[in-house]
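Student: Sequences and hints are given; from them, build the entire structure.
Counting in our numbering, the sequence shown runs from 2 upward without gaps.
No wet-lab data here; the hints were simulated from the structure. A couple of the hints might just be wrong.
Pairs of lysine to aspartate or glutamate, DMTMM-like flavour, derived with a Cα cap of 25 Å [as the list claims (entries may be wrong)]:
| hint | residue 1 | residue 2 |
| --- | --- | --- |
| 1 | K128 | D167 |
| 2 | K219 | E80 |
| 3 | K38 | E189 |
Ranges between beta-carbon positions, derived for each pair [said to hold, decoys possible]:
| hint | residue 1 | residue 2 | range |
| --- | --- | --- | --- |
| 4 | E111 | K150 | 49 to 55 Å |
| 5 | K91 | K219 | 21 to 27 Å |
| 6 | E228 | A100 | 27 to 33 Å |
| 7 | S79 | L254 | 28 to 34 Å |
| 8 | R115 | E86 | 42 to 48 Å |
| 9 | R115 | K219 | 42 to 48 Å |
| 10 | D167 | E146 | 29 to 35 Å |
| 11 | A100 | E184 | 17 to 23 Å |
| 12 | A100 | C11 | 51 to 57 Å |
| 13 | S223 | R247 | 34 to 40 Å |
| 14 | Q138 | D167 | 14 to 20 Å |
| 15 | A209 | A241 | 46 to 52 Å |
Heads up, the beta-carbon is just placed ideally off N, CA and C, and yes, glycines get one too.
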Amino acid sequence: GNCRTTLLCCASPAADSTSETLSALSFAQRAMRCECKAVVNVAEVGDFSGALGLVEIIPDPEADKRQRALVAAERKTSELSKEKEAALLKAKKEQEAAAAARKEGKKQLEEARRKDKENQKLNGDLKKLTEQNTTVQTELSKVKEDAKKDRAALQLKLDQLSKEKDAAVQESARLKTARDSLEKKLGETKTELTKAQASFKKSEATAAKLGKELESTKTELSSVRKELSARAALSQDEVAKEREERRLEAEQLRGEVEAKAE
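Tutor: Structure representation (structure tokens):
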């Protein structure tokens, strides 16, 4: 209208009010481009030369473009944050799996050591039985004449000892096979553990990369905000200068009208 207008826009620095802040700044920037030629409403009777001027609103495509860029940057920042959290969660799960694999491998190794000790004990028992057999044979050679009556009982005892020896040898072979199998499983477990550690390091590298990209995006966002603030301050200075020129023109026109009236 034919008046001097002052527009006050309120903005918030909070992150959750970013869209409202940008909208208010965009509106203020467009409003500052409005041209209004205000004149003093003093005229003679029948003179309507002081009619109201038209207000023209000039759109600012650059401001809209910057606003879209800022919204896209914030969306990208949110996506990068989600990807980083997913990568950290995956790395944590893989680390837990690796710890479980290490625990299982340790348990199997302890079981193999226990069975190996049992095998050593059986070998010692077998050695003792062999020594006993040798002692019996020596005694038989010495008392051969006196042992004819007990020969059948001694032969039976020797057969029993031989069976126990065979059983001990078979058990030793079985334990050895079980030990070899456990050692093979332990090797496979170590291989899986190495793979899990490599995967964990790769996940950490991915998380670090995403963190750097996030920091870069935040820096770009800060630059865009500073540019918007600078342009808003510059536009306010131009409006103040234009208002002062219009005020001088209005005072000059009023002086001319008063001179005509006198």
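Student: Now, for every hint given, state plainly whether the structure supports it.
Tutor: Hint check:
{"no.": "1", "hint": "K128 - D167", "in the structure": "holds (13 Å)"}
{"no.": "2", "hint": "K219 - E80", "in the structure": "holds (13 Å)"}
{"no.": "3", "hint": "K38 - E189", "in the structure": "violated (87 Å)"}
{"no.": "4", "hint": "E111 - K150: 49 to 55 Å", "in the structure": "holds (53 Å)"}
{"no.": "5", "hint": "K91 - K219: 21 to 27 Å", "in the structure": "holds (24 Å)"}
{"no.": "6", "hint": "E228 - A100: 27 to 33 Å", "in the structure": "violated (50 Å)"}
{"no.": "7", "hint": "S79 - L254: 28 to 34 Å", "in the structure": "violated (56 Å)"}
{"no.": "8", "hint": "R115 - E86: 42 to 48 Å", "in the structure": "holds (44 Å)"}
{"no.": "9", "hint": "R115 - K219: 42 to 48 Å", "in the structure": "violated (57 Å)"}
{"no.": "10", "hint": "D167 - E146: 29 to 35 Å", "in the structure": "holds (32 Å)"}
{"no.": "11", "hint": "A100 - E184: 17 to 23 Å", "in the structure": "holds (22 Å)"}
{"no.": "12", "hint": "A100 - C11: 51 to 57 Å", "in the structure": "holds (54 Å)"}
{"no.": "13", "hint": "S223 - R247: 34 to 40 Å", "in the structure": "holds (37 Å)"}
{"no.": "14", "hint": "Q138 - D167: 14 to 20 Å", "in the structure": "holds (18 Å)"}
{"no.": "15", "hint": "A209 - A241: 46 to 52 Å", "in the structure": "holds (49 Å)"}
The earlier numbered hints that this structure contradicts are 3, 6, 7 and 9.
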